[in-house]
Amino acid sequence: MKKSHIFGIIIIAIAVMIIVATAGDASTYVSFKEAKTLSDAGQNKKIHVVGTLKKDATGHVTGIMPGDNKVSFSFIMVDENNKEQQVYYNSPMPADFTKSEQVVIIGSYHADQFVADKILLKCPSKYQEKEIS
Amino acid sequence: MINTFVGNLGHFFILLSFITALVTAFAYIMATIGNEVERKSWHAYARQAFFVHAGAVLGIVGSLFYIIYNHLFEYHYAWSHSSITLPVYYMISSFWEGQEGSFMLWIFWHIVLGFLIIGTSRNWETSVMSVFALIQAFLVSMILGIVIGDLKIGSSPFMLLRDVMNAPVFAMNPDFIPEDGTGLNPLLQNYWMVIHPPTMFLGFALASVPFAFCMAGLWQKNYSKWVKPALPWALFAAAIIGVANVMGAYWAYETLNFGGYWNWDPVENAIFIPWLFFVASIHTMVIFRKNNTALKTSIVLVITSFLLILYATFLTRSGILGNTSVHSFTDLGLSGQLLIYLLFFTGISIALSVINWKYIPTSDKEATVYTQEFWIFLGATTLCLMAFQVLVPTSIPVYNAIIEAFGGISNMAPPADQVSFYTKFQLWFGVALALLSGTGQFFFWRKMDKDKLKEALVTPLILTMIISAAVIVLAKVAELAYIVLLIAAVYSIISNATILIRFLKSNIKLAGGSVAHIGVALMLIGIMFSSGYSEVVSMNNSGLLIFKDATDDMNQENLLLWYKEPRKMGDYELVYKGDRAEVKGVPVYIDKNMLTPTDKAHLVIAKEGFSLKGKNYFSKGDTIEVYPENTYHEVSFTKPDGETFTLFPRSQVNPNMGLIASPDIRHYFNKDLYTHVSAITNPEVEREWSETEEFNVKVGERFFVKDYVAVLEGIERITESDEVKLQEGDIAVKANIKIYGEDQEYTLNPIYMIRDRMVGRIAAELPGFGMKITLMNIHPETDSFTIGANTSQKNYIVLKAIEKPYINVLWIGTFMLIIGFTLAISRRYNEFRNSDKDPADRIPKGQKKEKPSKRKMLEA
Chain A
1 MKKSHIFGII IIAIAVMIIV ATAGDASTYV SFKEAKTLSD AGQNKKIHVV GTLKKDATGH
61 VTGIMPGDNK VSFSFIMVDE NNKEQQVYYN SPMPADFTKS EQVVIIGSYH ADQFVADKIL
121 LKCPSKYQEK EIS
Chain B
1 MINTFVGNLG HFFILLSFIT ALVTAFAYIM ATIGNEVERK SWHAYARQAF FVHAGAVLGI
61 VGSLFYIIYN HLFEYHYAWS HSSITLPVYY MISSFWEGQE GSFMLWIFWH IVLGFLIIGT
121 SRNWETSVMS VFALIQAFLV SMILGIVIGD LKIGSSPFML LRDVMNAPVF AMNPDFIPED
181 GTGLNPLLQN YWMVIHPPTM FLGFALASVP FAFCMAGLWQ KNYSKWVKPA LPWALFAAAI
241 IGVANVMGAY WAYETLNFGG YWNWDPVENA IFIPWLFFVA SIHTMVIFRK NNTALKTSIV
301 LVITSFLLIL YATFLTRSGI LGNTSVHSFT DLGLSGQLLI YLLFFTGISI ALSVINWKYI
361 PTSDKEATVY TQEFWIFLGA TTLCLMAFQV LVPTSIPVYN AIIEAFGGIS NMAPPADQVS
421 FYTKFQLWFG VALALLSGTG QFFFWRKMDK DKLKEALVTP LILTMIISAA VIVLAKVAEL
481 AYIVLLIAAV YSIISNATIL IRFLKSNIKL AGGSVAHIGV ALMLIGIMFS SGYSEVVSMN
541 NSGLLIFKDA TDDMNQENLL LWYKEPRKMG DYELVYKGDR AEVKGVPVYI DKNMLTPTDK
601 AHLVIAKEGF SLKGKNYFSK GDTIEVYPEN TYHEVSFTKP DGETFTLFPR SQVNPNMGLI
661 ASPDIRHYFN KDLYTHVSAI TNPEVEREWS ETEEFNVKVG ERFFVKDYVA VLEGIERITE
721 SDEVKLQEGD IAVKANIKIY GEDQEYTLNP IYMIRDRMVG RIAAELPGFG MKITLMNIHP
781 ETDSFTIGAN TSQKNYIVLK AIEKPYINVL WIGTFMLIIG FTLAISRRYN EFRNSDKDPA
841 DRIPKGQKKE KPSKRKMLEA
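So the sequences go chain by chain: A and B.
So that you can map any letter, position 4 of the first sequence is 4 in this note's numbering, and since no number is skipped, the others follow by simple counting.
So that you can map any letter, position 194 of the second sequence is 194 in this note's numbering, and since no number is skipped, the others follow by simple counting.
Read the hints as simulated data drawn from the structure, not as lab findings.
Do not take every clue at face value.
If you want a taste of the chain B side facing chain A, the calculated C-beta under 8 Å gives, among others [said to hold, decoys possible]:
#1 N123
#2 F388
#3 Q389
#4 F406
#5 G407
#6 I409
#7 P414
#8 T423
#9 N540
#10 F648
#11 A679
#12 N682
#13 V759
#14 A763
#15 A764
#16 I802
Not close to chain B: a few residues of chain A, all C-beta gaps over 10 Å, as computed [unchecked claim]:
#17 A21
#18 L38
#19 D117
Just a few of them, taken from the derived set where beta-carbon distance is under 8 Å, the chain B residues facing chain A [to be verified]:
#20 A351
#21 S353
#22 I396
#23 V398
#24 G408
#25 P415
#26 D417
#27 V419
#28 W562
#29 T791
#30 N795
#31 Y796
#32 V798
If you're wondering where the values come from, they're calculated on a predicted model, not measured in any experiment.
C-beta: ideal position from N, C-alpha, C; glycine also.
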C-alpha cells in the first residue's frame, strides 16, 4: 500500500469520526412530553422545544413570574401539542420576550421543572416592518 | 407627489446592467474561442459592454442613494431602512442593511475588480472575464425584480411602498407618503457596521477571481499556468474575508451582549468554512509553485472555496436557518434562484474538472517527511478537516429540508451548547495547525534529514518548554487541553520567529508566511485565554432566593444595582449613578434628568446650562438635539486600591426590536472588563405609585420617605415658576424639602396654589428614587403643613460583568496575520508581473496548449 493511500484512509477515518460525533451531539426538536419521557429515562441531554407563550383570552401573555431580584424569571410555554409547561430561565428576561411570535428554548428537565439554558426568539417585526403608522 | 422617476430610472439601470453583463460574458467568450480575426473585435466589444455595464451599476447605486439621501419614503427601501434624523454616514449603512442593497454592494465590488482584472491579467483577460461576467449576471439577476405570473426573479430595491405594503391608507390615498422612515436597526448604528459589510462583500467578490482563473485554465486547457496569477488574488480574498470576519467579531464583542466575539452561530460559520478552504487552497498553490505537485488538489480546493461562498450566500439569505440562528434574515423568496445560482456553478465546475481530469499534469514525486511540501500539505489537509467539522453541523437545517422535501420527517437540531461542541474539535485542529506551521518552517532552506532536523529542533524546543512553563505558572493555566494548545502555539511562534529573524537579515519579502503563522499562533493563545478563562465576575451572592421551588444549582450571573446604592462585585464597589443621554456636539454624556423631552424624540430642552473646560455647550432653556434611541447607564467602579473608573453600558429602546443592550468595556493591557445591562427599569411602562402617605410637619421637622431622611426647610411665596404659568391673582407657595441621599442632598419644591378659590397642587418628583412629594395642605392655625409622599420602585439596572484575560493577544495576532498576508500578496503579485519577462510563463496568443501528461503523483 502506498503512503498516499494510508494518508487517504486516515483522512476518511477522521471525516467519518466527525460525522458520527456530530450525529451523537446533535440535539433534537421535541415536544414537552417527549422531553419528559427522555428525562425520566435518565437521558439528560439538552433538547430544543418550539412553542409559544401562554396568552389569555385578550391576547396578553400570562404566567410570567420575574424573580425577586430581577436576575431570573419563569414563564409558561405552550408547545406545538398544546401542552403547557412552566420554564425557568436563569437570566433576566430577554428584550422583546413578550412580543415574540415563537419561542425556541434549549434546555432540559430537572425533575418536574424545565430549565432553559438559552432562549431564541422569533419576532415578527424584528427586521421587517409590517405596519405603516 | 410621489417621485416615480428615480425609481423607474433605477429599474432601467438594473435591466441595462443585467443585459450588459450577459453581453459582456458572451462577447468575452467569443473573444476567447473565436478565430484570430474575430477575436480582436469581440475583445474590444466585450470591454465596451463591460464599461456600459459598469456605468449602469453606478447608475443603480446612484439612484438608490438618491432615494435614501433625499428621504423619498414613498420607496419601500428608504422607508424601511432609513429615517430623517439618520446621519449621513449611517445612511451609507442603511444602503446595505437590506438584502437588495447588500447584493448591490457585492455587484459594485465586482465592477471594481473587473477593472482590476482587465488592467492586470493580460492574456488571461478574455477567458477570466467570461467566467467573471457570468457570475456578475447571476448576481444582478438577484435584484432584477421581474415578476412573471408566479415566478419572481430577483427583488428590486426600487419598489414603491404602496406596491409592497397592503396598508389601507393606500386605498384612500395612493399618493400617501409616510412622514418618516422606520430607521436603521440600532444595532447597526455602529462604525464597525459602516465598514464591516463593504469589507465582507469585497471578500465575497474577490472569491470569484481565483475561481474564474481556475475555470479559465481548465476551459483553455491551460492546466497549470492559472495558478501564478490566481495566487495573489486568493491571498487577497483570504486576507479580506479574514479581516471582515474579525471586524464582525469585534463589532459583536463591542455591540452585542452575548459576551464574546465568536458564537459559532450558523451565520458566522457559513463564512468561516470557505475562509478555511481559501487558506488551504493558498497552501496547496504554494506547493505547486515550489515543485509542481498538488495541482489537482489546488483545483479542487479553489473550486470548493468559491462554491462554499455561494453555499454561505444560500444559507444566510434563503431563510433556511430559521430556528437555528439568532440572526434573523428576511426571506425575500429568492431561495429557488439562489439554489440555481449555487447549482449552476457547481455543475459547470464539476463538469469542466471531470472532462479535463485525466489531462491535468501530475508529478510522480513522492513527498517525503523531510520536505517542506509534506508539512504544508498536512497543514492544508488539517484546514480542510477543520472546515468540514464546522460544515457538517451547520448544514443540519439543510438535511432537515432535504429529508422533508422527500416527504420524510426530521427533527434534528444543532448541538445545544454550540460553543463547547465546536471547541472540543477546533481546539485540537488548532493544536495541529500550530505544530505543523511551526515544523514546516525548518525545511525552508535546505533539504533536511533526520540528523539535521534534530539539530535544528533542539534550541526551539528548549525555548518552547521554558517559555510555556513560565506562562503556565504565571497565568495559572490548569487544564490539560489548554496546556497542550499553549505549548503548540508557543512552539509555532518560536520556530516561525527563528525563520523570521533569518528573513529580516536576507529578504523581508519572503517573510509573509512566517509573520502570518506567528499571528495565527498568537490568535490561538488569545482565544484560549479570553474564552477559556473568561470569568463572570458579577455573581449574585446576595443569597436572595429567586424562586422558592427552583432547583438549587441555579447560580445567577447578574447583579441587581439599585439607583445610587453601592454594591460589592468581587474587588469592585459598584454604584449605578443614573441614566445619561448623548447630546449632539457634546463630548460627554449628559444626565437625562437635566433634559425635558419634547414631542419630537430627538429634541429636548435643557433644564440647566452645561459647560466643560470653559466652553459653554448649551444654556438653560436651549433646545438641543440628542440621539433618542441611546441611553447610557453610568456605573462607577471603585477598587480598594483607590482605582476608580466609570463605565457606560448602553441600552436602546427601539419600537421594532424592544430593548437592546450594548456593552461597555474597560481595557487593561492584560484583560478586558466587559459589562452590559441585562435588564433595566422599563421606560415605556407607566410607574405604579403607592397610596399617598401623609406627614404633618412643622418647618425644620424631619420625616422619613423610603428610609431617606427628609426635612421641611421652609415655605416661601412665589411669583413665578418653571412648572406653571402664574396669573394675576394667583396665590402660590413652594415648600423647600431637603432629602438626604446616599451621596448628595436633593431639594424638592412641591407647589401649592390657589386660583379662583380652587386649590392646585404640583408634586415634585425625585427622579430615579421613585419618590414624589406633594404639599397637601397648609394649616396656619397650628403653623404646620401636610406633606404627601408617594413611592414606587426605585430605578435599577441588572448588570453582567465578565473578565476576559489577554484578549489583546488575539487582536495583536490578527494584525500580524494581516501583515503576513500583505507581504505574501505583494510577493506573489510581483512574481506574476515579472513572469512576462520569462517567456516560458507566457501564454501564447495562438491555440497552442499544454501537452496533456499522464504522469502519476501523490494526490490526495
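Tested hints:
The closest approach between the C-beta of B:N123 and any C-beta of chain A is roughly 34 Å, which is over the 8 Å cut-off, so the hint fails. Given the 8 Å rule on beta carbons, the hint for B:F388 holds: about 6 Å separates it from the nearest Cβ of chain A. Because the beta carbon of B:Q389 sits about 5 Å from the nearest beta carbon in chain A, less than 8 Å, this interface hint is met. Taken as an interface hint, B:F406 does not check out: its beta carbon lies about 19 Å from the nearest beta carbon of chain A, beyond 8 Å.
Checking B:G407 against chain A by beta carbon gives a least distance of about 18 Å; that is not within 8 Å, so the hint is violated. Given hint, B:I409 at the interface with chain A, is violated; its Cβ is 11 Å from that chain's nearest Cβ, farther than 8 Å. About 7 Å separates the beta-carbon of B:P414 from the nearest beta-carbon of chain A, less than 8 Å, and the hint is met. At about 12 Å, the closest approach between the beta carbon of B:T423 and any beta carbon in chain A exceeds 8 Å, and the interface hint on this residue is violated.
The closest approach between the C-beta of B:N540 and any C-beta of chain A is roughly 6 Å, which is under the 8 Å cut-off, so the hint is satisfied. This hint is violated: B:F648 has a C-beta 18 Å from the nearest C-beta of chain A, more than the 8 Å allowed. Taking 8 Å as the C-beta cut-off, the interface hint given for B:A679 holds, the closest approach to chain A being about 4 Å. Hint on B:N682 is violated. Least Cβ distance to chain A is approximately 10 Å, over the 8 Å limit.
With a least beta-carbon distance of about 39 Å to chain A, the hint placing B:V759 at the interface is violated under the 8 Å criterion. For the restraint placing B:A763 at the interface with chain A, the shortest Cβ-Cβ distance is roughly 27 Å, beyond the 8 Å limit, so the hint is violated. Given hint, B:A764 at the interface with chain A, is violated; its Cβ is 28 Å from that chain's nearest Cβ, farther than 8 Å. For B:I802, the interface hint is violated, the least distance from its beta-carbon to any beta-carbon of chain A being 13 Å, above 8 Å.
A:A21, annotated as away from the interface, has a beta carbon of chain B within 10 Å; the closest lies near 8 Å. Under the 10 Å C-beta cut-off, the non-interface status given to A:L38 relative to chain B holds; the minimum distance is some 13 Å. For A:D117, the shortest C-beta to C-beta distance to chain B comes to about 7 Å, within the 10 Å cut-off, and the non-interface label is violated. Residue-level restraint check for B:A351 is violated (minimum Cβ-Cβ distance to chain A is 24 Å; threshold 8 Å).
Checking B:S353 against chain A by beta carbon gives a least distance of about 18 Å; that is not within 8 Å, so the hint is violated. Hint status for B:I396: holds, given a least beta-carbon distance of 6 Å to chain A, under 8 Å. Checking B:V398 against chain A by beta carbon gives a least distance of about 13 Å; that is not within 8 Å, so the hint is violated. Of the supplied interface hints, the one on B:G408 is violated, with its beta-carbon coming no nearer than about 14 Å to a beta-carbon of chain A, more than 8 Å.
The closest approach between the C-beta of B:P415 and any C-beta of chain A is roughly 5 Å, which is under the 8 Å cut-off, so the hint is satisfied. A distance limit of 8 Å between C-beta atoms decides the matter here; for B:D417 the minimum to chain A is near 7 Å, and the interface restraint holds. About 11 Å separates the beta-carbon of B:V419 from the nearest beta-carbon of chain A, more than 8 Å, and the hint is not met. With a cut of 8 Å, the hint placing B:W562 at the interface with chain A is violated, because the nearest CB-to-CB distance is about 10 Å.
Taking 8 Å as the C-beta contact cut-off toward chain A, the hint placing B:T791 at the interface is violated, the least distance being around 18 Å. Look at B:N795: its Cβ only gets to about 12 Å from chain A, farther than 8 Å, so that hint breaks. Taken as an interface hint, B:Y796 checks out: its beta carbon lies about 7 Å from the nearest beta carbon of chain A, inside 8 Å. Interface restraint check for B:V798: the shortest CB-CB distance to chain A comes to about 5 Å, inside 8 Å, so the restraint holds.
In terms of the numbered hints stated before, the structure departs from hints 1, 4, 5, 6, 8, 10, 12, 13, 14, 15, 16, 17, 19, 20, 21, 23, 24, 27, 28, 29, 30, listed from lowest to highest.
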